[in-house]
Amino acid sequence: MTDFLPFARPDLDDAAIASVVNVLRSGWLASGPKVLEFEAALSTYLDGRPVRVLNHATAGLELALRVCGIGPGDEVITPALSFVATANVIVRVGARPVFVDVDLDTRNLDLDQVEAAITPRTRAIMPVHFAGLPVDMDRTLAIAKKHGLRVIEDAAHAIGTEWRGRRVGSFGDLAVFSFHPNKNLTTIEGGAIAGGSASEVEAIERLRFHGLKRLGADEFEVLEASGKANMPDVSACIGLAQLPRLHQFNQTRRALAGLYFEQWEDEAPVRLPARGDGGHSWHIFAPLLPVEERRVSRQAFIKAMEKRKIGVGVHYPAIHLFSAYRAMGYRDGQFPNAERVGRATVTLPLFPAMSAQDVDRVVRAVEPALSEAVS
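Counting from 4, one number per residue, gives the positions in the sequence shown under our numbering.
Misleading hints may appear alongside valid ones.
Label pairs and their calculated CB-CB ranges [claimed, not checked]:
#1 ARG274 <-> GLY74: 35 to 41 Å
#2 ALA258 <-> GLU222: 21 to 27 Å
#3 ARG124 <-> GLY51: 33 to 39 Å
#4 ALA21 <-> GLU375: 42 to 48 Å
#5 LEU275 <-> LYS312: 22 to 28 Å
#6 GLY74 <-> LYS312: 45 to 51 Å
#7 GLY230 <-> HIS150: 40 to 46 Å
#8 GLY97 <-> PRO371: 49 to 55 Å
#9 GLY30 <-> LYS310: 33 to 39 Å
#10 GLN251 <-> SER378: 21 to 27 Å
Source of the hints: derived by calculation from the structure; they are not laboratory data. Idealized CB from N, CA, C, for every residue including glycine.
Just need the whole structure built from these sequences, with the hints factored in.
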């Protein structure tokens with residue numbers, strides 16, 4: 004019987020599982036020595052930049068905005084296509100997300116539109132390295148420098164991604180990574196902020212734990228009201244087991260993505276994403292269905308693939324069309340590429356434990372599933 008092939012699956016080896024058992028037996032389950040060790044390992048991986056870990060990347064993005072002093076009355080430019088958390092955190096600090104459209108194939112920010120969207124209230128640009136394909140960081144940082152803006156990279160998809168030979172997060176301003184179970188490196192749930200000045204790193208440490216600053220063994224002060232977003236040692240020890248494997252994980256992902264392109268080299272029944280170069284970490288493989296050209300129903304396509312025991316995801320609907328953002332005045336037709344991607348995108352299986360035969364199985368299933376999905 005053919006096994007079900009999901010679109011993503013974490014790869015936890017025996018060493019990771021054993022490390023969890025050791026932490027559980029140690030009696031220290033909250034933030035402790037493993038968190039410090041994981042932060043140091045990530046810092047080394049990112050060429051010595053400061054790194055602070057959290058219990059999820061959404062908290063990381065919000066804290067990055069807060070340490071940059073962004074709040075009510077401010078604007079942050081960000082793509083209309085991403086997971087909604089990218090925009091939600093901007094709203095949560097009291098600022099306004101200013102959406103711009105994306106390129107149809109890279110799904111990354113249209114930097115020409117970024118320049119046009121800057122106003123006197125703009126305080127930051129929040130690009131997203133979609134699927135692990137890096138944004139043009141040289142141009143992004145140049146635009147920010149010209150206008151005196153901060154750059155907070157939503158690098159949730161991009162641990163191990165390289166821009167012109169440098170790892171994302173090893174340069175620039177602030178970068179936030181995700182270690183969710185479907186990411187290239189997982190801590191089950193978790194995230195990290197890379198970069199920042201010494202005072203900003205200190206602020207991140209306070210903000211991730213109630214705004215608290217220790218004054219001594221028996222005294223502390225609370226400098227600002229904040230929540231709780233610290234990573235436990237159990238998660239950190241999984242990250243420590245995953246990090247040495249990350250290069251091979253990403254190499255395998257690149258090879259599997261290459262097989263998709265090779266199989267569809269002559270004529271693809273779907274619109275393939277931008278291939279990028281060797282720096283692309285290929286978090287997901289997300290082509291576009293011919294929803295208009297062939298009148299394909301995405302929901303029916305997903306069901307047809309599930310019938311063939313192949314899982315399909317959706318990454319992502321256009322953010323500005325959600326009710327919360329329509330209430331801010333956003334509407335249909337403003338960002339046509341993001342809207343087209345939102346209607347037509349699907350995420351096909353891509354994870355390190357896949358084989359070439361799995362890619363072949365997916366490719367062979369797509370055309371008949373499309374035929375079944377015609378409305």
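Status of each hint after checking the structure:
1. Taken as a hint, the range 35 to 41 Å holds for the pair ARG274 and GLY74, whose Cβ atoms sit roughly 40 Å apart.
2. The hinted window of 21 to 27 Å between ALA258 and GLU222 is violated, with their beta carbons roughly 55 Å apart.
3. Between ARG124 and GLY51, the C-beta spacing of about 35 Å keeps the proposed range 33 to 39 Å intact.
4. Range check, ALA21 to GLU375: about 45 Å between beta-carbon atoms, so the 42 to 48 Å window is met.
5. Between LEU275 and LYS312, the C-beta spacing of about 23 Å keeps the proposed range 22 to 28 Å intact.
6. At about 49 Å, the CB distance of GLY74 to LYS312 agrees with the hint of 45 to 51 Å.
7. As the Cβ distance of GLY230 to HIS150 is approximately 31 Å, the hint placing it in 40 to 46 Å is violated.
8. Checked against the hint of 49 to 55 Å, the pair GLY97 and PRO371 passes, with Cβ atoms roughly 50 Å apart.
9. Under the hint 33 to 39 Å, the C-beta atoms of GLY30 and LYS310, about 49 Å apart, miss the expected range.
10. Take GLN251 and SER378: their Cβ atoms lie about 42 Å apart, and the range 21 to 27 Å is violated.
Figure legend: structure checked against the earlier numbered hints; hints not met, in rising order: 2, 7, 9 and 10.
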